[in-house]
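Peer 1: Assemble chains H, Z and D onto chain V, guided by the hints.
4 protein chains.
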Amino acid sequence: MNAVEIGEPASGSCAGSLHGFRVRVYYEDTDAGGIVYHANYLKFAERARTEFLRLCGIGQDAMRTENGIGFAVRRCVVDFQAPARLDDVLEVRTRLHGVKGARVNAEQWLYKVMDNKVEHDWCVRLKLELASIGRYGRPVRLPERVRETFKMALVT
Amino acid sequence: MNAVEIGEPASGSCAGSLHGFRVRVYYEDTDAGGIVYHANYLKFAERARTEFLRLCGIGQDAMRTENGIGFAVRRCVVDFQAPARLDDVLEVRTRLHGVKGARVNAEQWLYKVMDNKVEHDWCVRLKLELASIGRYGRPVRLPERVRETFKMALVT
Amino acid sequence: MNAVEIGEPASGSCAGSLHGFRVRVYYEDTDAGGIVYHANYLKFAERARTEFLRLCGIGQDAMRTENGIGFAVRRCVVDFQAPARLDDVLEVRTRLHGVKGARVNAEQWLYKVMDNKVEHDWCVRLKLELASIGRYGRPVRLPERVRETFKMALVT
Amino acid sequence: MNAVEIGEPASGSCAGSLHGFRVRVYYEDTDAGGIVYHANYLKFAERARTEFLRLCGIGQDAMRTENGIGFAVRRCVVDFQAPARLDDVLEVRTRLHGVKGARVNAEQWLYKVMDNKVEHDWCVRLKLELASIGRYGRPVRLPERVRETFKMALVT
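Residue numbers (my numbering), protein chains in the order written: chain V, 1 to 156; chain H, 1 to 156; chain Z, 1 to 156; chain D, 1 to 156.
If we strip away everything but chain V, and leave its shape as in the complex, we get (with noise of 0.2 angstroms):
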């Protein structure tokens, strides 16, 4: 088997300061009531993240080891909208807003992908308050070199 004809998984792209990640619906994320179950959208908007993260050259599993910092989600709000279904494909969009000191603030929206077009309305929207805790689950400020990173995203 050839491996380099496999796709590798997908980090999605930037397109100006947003990026798009696109995720599949698989059984383990729907429930008994045919949809998504809720609290798996959350888990989509994380993978678009780091995927956001490895594109602008930050690892999160470096950052943990190197310098001891990881983000943690102090606060989201999330509005479903409307549901997704086993097979769906969506796509996630990440913006950046604002990076101050140890703090992050995104917003993501989740768009149903039908024939390769996004539809025009999110099935959800989450606004996050993201903070960077050191070792023992403190706030620290980001590194220098990822707070530099996220202000280019921000202007671009």
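Derived by calculation from the structure, the hints in this document are not laboratory data.
Treat the hints with caution; some may be incorrect.
Just so you know, same-sequence chains aren't split out, so a pair can sit in one copy or run between any two.
In silico DSS-like links for lysine-lysine, alpha-carbon gap of 30 angstroms or less [what the hints assert, rightly or not]: (1) Lys-127 - Lys-117; (2) Lys-117 - Lys-100; (3) Lys-127 - Lys-100.
Peer 2: Leaving out everything else, chains H, Z and D in the frame of chain V:
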């Protein structure tokens, strides 16, 4: 093995209009950061709401089968103040705030329990807007019986 | 609210060498097929093993912190005979079969519970090979105290 | 934002009768031990089987809606040889072994991928017995079209 000896899964209990329910943190709930993965607090909260309904005599499976009605989360605002860890016991406290048409508002707080004492400060707080929805995802008025039950929970 | 009234999360109980522990099926455990998602039975089984250890006086978090030791599943054979659904209560029965060096063998059965009666036939059965592993993932002999506790559980 | 630039969720690819599909390990997949929680490998494997079916032109949601048929895992034997960690890429390889009546046998291996190279030894291996089941959970013969598709996958 005497089946009676084994504790039933708890339904929690009500004191006035406040429902309390305890959960244990297992490996499945934690992540590589050593703490409970943020989206999993929403699962704990949903377990507590389910048990609150059960104590009120409302079985969600029966409601879905007989009335074709389920509850959907429309909006949640989640504040994360302190992390829970493996083996922790958490108490989820649930209070209804309003019932109107197809809409229910609720607030939930998760507290750590140490030596059977509930800590003073909450770890996680959720403010929720729930809707009763019918077979096709449209909002439908809550059945009279359910609305009455909820209103009694509000008064006491 | 009187915290004492609220049931603690159950640890199950032992009758001879057989441990019993009950779990409730919530929305989070089900999938769009209307039944419990197959991988989630492994979570129920792991919760039961954790509570079995707790009843034996073995806290996994303490074991990890003090001895740097954790349990890893090396092999599991899972037979799925009948599906569980939303709102079902399941009893997980756990029996140890052998303890040797770093290795523990166990068998677990999940039964449906109706009106507090355990059904005759199991839904899911697991045969497990567990290993105690150290900080770097290498197998390490179980601490003497733990091995003795397990051997007592085997004899009775 | 140009939707076309964003990678679709991958479906993997087939080389002969072997299907390959890659997944990324996120925080949600890990536990406090710092590694992937054992039950979550079963989720990765199920994603891969779903994508294998999709590549074969078999949509599980359509199959369920049109034919009232779904796949259920009857038995799985899982060997865990090495743990995966946060940020790892895993390749799931799937091979069908036999299709008969309502039964399908399959084998799956999960390998770590480093610098786009698949490691020599697998981390996790699954041997599965699947059954096609109808609306009431009874085994039903696979639709002719699906059986033919599977047989072609076996021959090549």
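Peer 1: All hints, please: hold or fail.
Peer 2: Against the structure, the hints come out as follows:
1. Lys-127 - Lys-117: Within one copy only: 24 angstroms inside a chain, 34 angstroms across chains, cut-off 30 angstroms.
2. Lys-117 - Lys-100: Close neither inside one copy (35 angstroms) nor across copies (37 angstroms); limit 30 angstroms.
3. Lys-127 - Lys-100: For Lys-127 and Lys-100, the Cα distance is within 30 angstroms both inside one copy (16 angstroms) and across copies (26 angstroms).
Comparing the model with each numbered hint stated earlier shows that hint 2 is the single one that does not hold.
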